[in-house]
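Chains as they are written, first to last, in the numbering used here: chain G, 1 to 307; chain V, 308 to 657.
These are computed hints drawn from the structure, not numbers from a lab.
Hints are not guaranteed to be accurate.
As the list claims (entries may be wrong) - Here are a few chain V residues that face chain G, going by a calculated C-beta distance under 7 Å: (1) Leu313; (2) Met419; (3) Arg422; (4) Pro555; (5) Gly557; (6) Thr559.
Glycine is no exception: its CB is placed at the ideal position from the N, C-alpha and C atoms.
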Amino acid sequence: MSDKTVSDRSVSDRAAPESGPAASSATAPTGSPRPGGAWALLVSELTVLFRRRRTWALLLALAAVPVLIAVAVRLSSQEPTPGRGPPFLDQVTQNGLFVAVTGLIVSIPLFLPLTVGVVAGDTIAGEAGLGTLRYLLAAPAGRVWLLVVKYIGAAVFCLAATLTVVTAGVLAGLALFPVGPLTLLSGDTISLAESFLRALLIAGYVTVSLLGLSAIGLFFSTLTVVSVGAMAATIVLSVVAQVLDSLPQLDWLHPWLFSHYWLDFADLLRQPIDFTSFGANALLQGGYLLVFGALAYGRFATKDILS
Amino acid sequence: MSRTWLKWMPAVAVPAVIVAGVLAVPLQAGAAVDLPDKTPQDVLELAAGSTVDTFSGTIEQTSELGLPEIPSTGDAATAEFADALDLLTGSHTVRVYQNGPDQSRVQVQDTMTERNLIQNGADLWLYDSADNTAAHTTLPADTGDRSAPGYTPSEMADTFLAEVAPSTEVTLGENTEVAGRTAYELVLTPNTDDTLVGSVSIAVDSETGLPLRVQVEALEAAEPAISVAFTSLSFDAPPADLFVFTAPAGATVTEESLPTKDAAGHPEGETSGVTVTGSGWDAVVSVPAGADAAAMAELTASPLYSQLTDAVDGGRALSATLMSVLITDDGRVFAGSVPVERLQAAAAQE
Numbered sequence: 001m002s003d004k005t006v007s008d009r010s011v012s013d014r015a016a017p018e019s020g021p022a023a024s025s026a027t028a029p030t031g032s033p034r035p036g037g038a039w040a041l042l043v044s045e046l047t048v049l050f051r052r053r054r055t056w057a058l059l060l061a062l063a064a065v066p067v068l069i070a071v072a073v074r075l076s077s078q079e080p081t082p083g084r085g086p087p088f089l090d091q092v093t094q095n096g097l098f099v100a101v102t103g104l105i106v107s108i109p110l111f112l113p114l115t116v117g118v119v120a121g122d123t124i125a126g127e128a129g130l131g132t133l134r135y136l137l138a139a140p141a142g143r144v145w146l147l148v149v150k151y152i153g154a155a156v157f158c159l160a161a162t163l164t165v166v167t168a169g170v171l172a173g174l175a176l177f178p179v180g181p182l183t184l185l186s187g188d189t190i191s192l193a194e195s196f197l198r199a200l201l202i203a204g205y206v207t208v209s210l211l212g213l214s215a216i217g218l219f220f221s222t223l224t225v226v227s228v229g230a231m232a233a234t235i236v237l238s239v240v241a242q243v244l245d246s247l248p249q250l251d252w253l254h255p256w257l258f259s260h261y262w263l264d265f266a267d268l269l270r271q272p273i274d275f276t277s278f279g280a281n282a283l284l285q286g287g288y289l290l291v292f293g294a295l296a297y298g299r300f301a302t303k304d305i306l307s
Numbered sequence: 308m309s310r311t312w313l314k315w316m317p318a319v320a321v322p323a324v325i326v327a328g329v330l331a332v333p334l335q336a337g338a339a340v341d342l343p344d345k346t347p348q349d350v351l352e353l354a355a356g357s358t359v360d361t362f363s364g365t366i367e368q369t370s371e372l373g374l375p376e377i378p379s380t381g382d383a384a385t386a387e388f389a390d391a392l393d394l395l396t397g398s399h400t401v402r403v404y405q406n407g408p409d410q411s412r413v414q415v416q417d418t419m420t421e422r423n424l425i426q427n428g429a430d431l432w433l434y435d436s437a438d439n440t441a442a443h444t445t446l447p448a449d450t451g452d453r454s455a456p457g458y459t460p461s462e463m464a465d466t467f468l469a470e471v472a473p474s475t476e477v478t479l480g481e482n483t484e485v486a487g488r489t490a491y492e493l494v495l496t497p498n499t500d501d502t503l504v505g506s507v508s509i510a511v512d513s514e515t516g517l518p519l520r521v522q523v524e525a526l527e528a529a530e531p532a533i534s535v536a537f538t539s540l541s542f543d544a545p546p547a548d549l550f551v552f553t554a555p556a557g558a559t560v561t562e563e564s565l566p567t568k569d570a571a572g573h574p575e576g577e578t579s580g581v582t583v584t585g586s587g588w589d590a591v592v593s594v595p596a597g598a599d600a601a602a603m604a605e606l607t608a609s610p611l612y613s614q615l616t617d618a619v620d621g622g623r624a625l626s627a628t629l630m631s632v633l634i635t636d637d638g639r640v641f642a643g644s645v646p647v648e649r650l651q652a653a654a655a656q657e
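Let's have the full structure, built from the sequences with the hints guiding it.
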């Protein structure tokens, strides 16, 4: 396909959106004339994402976090004392399942936002930088659906990243420490089966926590063709949000920061289980998704695609 | 051009809708609550006659005491002091479960940790997940009559009003809504200007008489200095297994005995020499020099001491929104919900 066809498409998309597949997909992404093509785009996006060596490198780095914790605690001669180090670390020797929880706590401030920032920042800018964006847009699915597909890809990566930490933590815990009924924060003890259920719930919580950041990354990614810039901006913003969240002088701002509820997943380790923070977090992340999704749409739908 | 404008529409509309929603919710909550008219006497009777002893709910505590933030890091003594102060001054979410008079569970939720107090009949457990410790004690069999002897709710209301009348004006505020329940609001306003307390308001559930919210307003602060309020409340019986507690494996368990009381009903070893000058809101508590010299020396040596207090005429003073403390140069301590000047006056008189 030549440059001319692409720019023609781009022009016709902007000038006469009432006709053509791009317009119908704008109003109803799945109702485009060739829904098969639209789903094919999603499938190919996910396939490409999980075939990339970089994605696997990121996931491996995440898996290393709980494994390192478990090995360090196992090899260390002294028992971890309560109140020192990350929360739950002292519980690890008694119940290996806490490796997963400690791994998440250690990963949440930096490693998870880092990997999510890389994937979300790369979504649009990466394609633009490689010069493949115009070919994607030439598919009859349209810009909105491409944006949705890219976001779904980033969200699936969030889930994969969180599950990687939890799974690696559980496996490392099983291998190195005794595993049994789990003691909750409230002092109650739950069965092994329920422990796994709670671990999955926590994975769900952390995944939801990262959706807002993914939307921000997607928006930054539409602003530039240099994907490193979008990645860096996303990661920096996640650090800035956490710094602001730790300043007591700004406590009016805290409930509005996307990182505010990141560490509140401990509420899922109480008895009876407390879903208040889960709900508040989901609402907040939904708000970020709507705002930055709308911004990304505004930018991407009006952008001249030159590469 | 107009197409471009149209595509940016959602980016403008979505934040606008969110802002509108955020602004509309408090407006809705502030809508007038219509309840049958009552006098303060009626509401006091309602509260005194409350028989609710089965409920579960979440209580939110916030404090704006105007104290500087104390770092919880540092040496052990400082951390312990900060911990104790945090229970009083910090913000907390507490879940409360009550099933009849004999079963209750209180959970103080902190980030990544939780403190539990569980009463099941005569068994009382305290569990702290931060250091994985549990303390158990057996409550003495309760021989006393639970109901206050000879008082009906209306008599209790009368007595309360008579007690507080000279120093306090008791009025009813606007009807309000707490945790989704309608409530009357009792407002206690001090009659004196010589106190830091602006008013104390108590929201009383219009149906059951259970107090739903207590707020203490300081004179010179916009936010309530102390607010303790239910954010959710249900009168269903909580599940029974919630009150059955066994210390988890691996926890350090200690067996504690309750402090015995001497004949006068005071716990043993209470420091004497504490005097209270005045009564009501502007009362001043004073401790003579040398009452507890060791503790005093430890306190003044602490780096926090100079951080928390300011030098004033005759000693050092700590002034918060609701309370002032004056430690004179000769070691006497004066405290009260009054301005520092009044403490200085009391110190000069003695």
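Each hint, compared with the structure:
no.: 1; hint: Leu313; verdict: violated (9 Å)
no.: 2; hint: Met419; verdict: holds (4 Å)
no.: 3; hint: Arg422; verdict: violated (9 Å)
no.: 4; hint: Pro555; verdict: holds (4 Å)
no.: 5; hint: Gly557; verdict: holds (5 Å)
no.: 6; hint: Thr559; verdict: violated (9 Å)
Consistency with the previously given hints fails for numbers 1, 3, 6, ordered from lowest to highest.
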